[in-house]
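Which chain is which? The protein sequence lines are A and B, in order.
If you use the UniProt record's numbering, the first sequence closes out at 297, no skipped numbers anywhere.
If you use the UniProt record's numbering, the second sequence closes out at 389, no skipped numbers anywhere.
Take the hints with a grain of salt, since some may be wrong.
Claimed, not checked - Straight-line alpha carbon distances no greater than 25 angstroms define the calculated PhoX-like cross-link-like pairs of lysine-lysine that follow:
id, chain 1, residue 1, chain 2, residue 2
1, B, K376, B, K163
2, A, K250, B, K54
3, A, K62, B, K116
Unchecked claim - Chain B stretches covered by chain A per the calculated footprint, using a threshold of three residues with CB under 8 angstroms from any CB of chain A:
id, stretch
4, 16-25
5, 53-59
6, 107-113
The set of hints was computed from the structure by calculation and includes no laboratory data.
Every value quoted in this text rests on a predicted model; they were computed, and no experiment measured them.
Quick reminder that beta carbons are idealized off the backbone N, C-alpha and C, glycines included.
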Amino acid sequence: MMTDRFARALGWTSLALGAAHLAAPRAVTRLCGVDDAPGATTVARLVGGRELLHAALLLGAKNPAQWAWSRVAGDTMDLGVLGRAAANRTGARRARALAALGAVAGITALDAVCARRGSAKTKGPLQVRASIIINKPREEVYHFWRDLENLPSFMVHLDSVRTINQRRSRWKVKGPFADLEREAEIIDERAGDLIAWRSVPGTGVSTAGLVSFTDGPGGRGTVVDVSLEYGAPGRKLAAAVARIFGEHPKQQVRDDLRRFKQVMETGEVVRSEGSPEGHRALRQLHQRPAQPIGGRA
Amino acid sequence: MKANVWAGRNRLEIQDVPDPQILNARDAIVRVTSTAICGSDLHLVDGYIPTVKKGDVLGHEFMGEVVEVGPGVRNLHVADRVVVPFPIACGACFACQDGLYSVCENSNPNAGMAEKLMGHAPAGIFGYSHMLGGFPGGQAEYVRVPFADVGPIKIEDDLPDEKVLFLSDIFPTGFMGAEMCDIKPGQTIAIWGAGPVGQLAAASAFLLGADRVIVIDRFPYRLRRVQRTGAEVLNYEEVNVLEALRDMTGGRGPDACIDAVGMEAHHPTPAIYAYDRTKQAARMETERPYVLREAIMACRNGGVVSVIGVYGGFVDKFPMGTVMNRSLTIRTGQCHVQRYIEPLLDRIRAGEIDPSFVISHRMPLSEAPRGFELFKHKQDECNKVVLTP
Ligand SMILES: [Zn+2]
Ligand SMILES: [Zn+2]
């Protein structure tokens, strides 16, 4: 919270600086000792525009602290320009450029502190939750899920799940270069109500999950509610998967649940020629055109 | 096979594309015998519907002959003649079981994309953008029809294509527009848009017992055509629509108003038209909602505004105060075609209506781009184009 207030303050600073640059570019260039350079006022106006952009980001964003990095980038540019200006000048102009350089360096430090705090805030275990309502009786929905070997039929990133015994299973995940394997164990289970599992320690990624089944509102259908937690190493993997497949884990879970619903209600995962491999919301730009696919899909 | 493909804003091409094949057990492949150009296709061509991609096969109004069925389809066989509803629906979800087929919860594989734009996802639609599924359309020689055991209706008698083709889209759409008005005998219904859907909405309003139907448009040839249904007409370039409707209804206003125009409406006042046209061109709003605004203003207190014209995104300056203070009801939706197709086929069979009266042009599929030109620019008194592959 403090960090965000700090970031908003930087946003107001950007707004003031931007306005000053645009309203009085000559005064600004004189103050920085670069008023002798050709095109200096144009550069000052461009810098002003950039500051207004920072202001929009910092004042408009939900979590503004992360956007402070944009200011750090701008500061670095200014430091470069002012450094060269100071080196090439003498006398009063040099003094003014050096003073500006010092001021910008101080602001850069502030921006960097703010941005770092903003980024640090998003660390920690990653939690994802999603739910869906399925037009089938609770028992049927529960049993389909409890047979873990059914999971790959709707979780697109899963290659296979092999059950070892009542509690343990081996999960194979599709990787970009090689398949990743991990073992999971069921740590709690109430027939028809919920299943909780976690990855077996020492088998790579640390994840834990809970799926619950409850009667839908008005006694219609079944509500399936999934919570997942990725521990520190798992978080990285989740991020990597997100990068490779172009989707956030949250989106992935929602899409998996939608396919689960399709399988339960219609007996199949719906496919269109535009996205034959299933649905990936953030990959919409990579979709094939909606025209028939040549060869066997 | 040959197909009509979107090749960029205002660019259509007949291209050679692969033949469709069965992807899922409940698919069927249909050889298209007749397909049509729909007014809502124009929004795609003009580039106002988000997530249309170069290479997309267009067309959502079609019928044909089954040439292949997946193992999950038991009620259709090769050589059956079928009309295919434009929304794709699974028949098993809560929405389908409630008769709300165009918001089927399972038929849109890009539901995540649609959710981001609309909050929740509607059903998949043939040839109507990736947000609505990314399904190839029916302006082609063959189409894959998902959930073929739910939507398509068999035409077993010798009714010609032209009489039944529009069961796929515009006839049920016009009918639903009228049905949403809850028409009671003696009522007056106003309809904006004298295109094929407006014409069929007018005919449907009379079927459902309306006393008077008043249709508003600016093209004399379309107004002449809709007069055949018994409707009265207003040309909005010649009269002030709000005043005229007030005068025609004893000052009270029509009992229900149907917007059969949608997002690319025109306005007779250049300044107002330019305002929304500019915002739309800059992609700051997706709609030009004059008809919607005017229908709301015109409707009598406590009346119904029925919206069947297509909207794609966000509307500017929506008169919500009028809607609230005057107890108006707004009812909308892409047509739940599957709900209407059987009863409307019965009405065609019984001779109560022949929707083929809207057809003005017939041409081979290979001339689809020219058909779009004629239809879009209202050249040659173009009203409805039927294409034969
Ligand atoms: Zn249509
Ligand atoms: Zn459904």
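Now the hints, each set against the structure:
| no. | hint | verdict |
| --- | --- | --- |
| 1 | K376/B to K163/B | holds, 23 angstroms |
| 2 | K250/A to K54/B | violated, 29 angstroms |
| 3 | K62/A to K116/B | holds, 17 angstroms |
| 4 | 16-25 | holds (count 8) |
| 5 | 53-59 | holds (count 5) |
| 6 | 107-113 | holds (count 7) |
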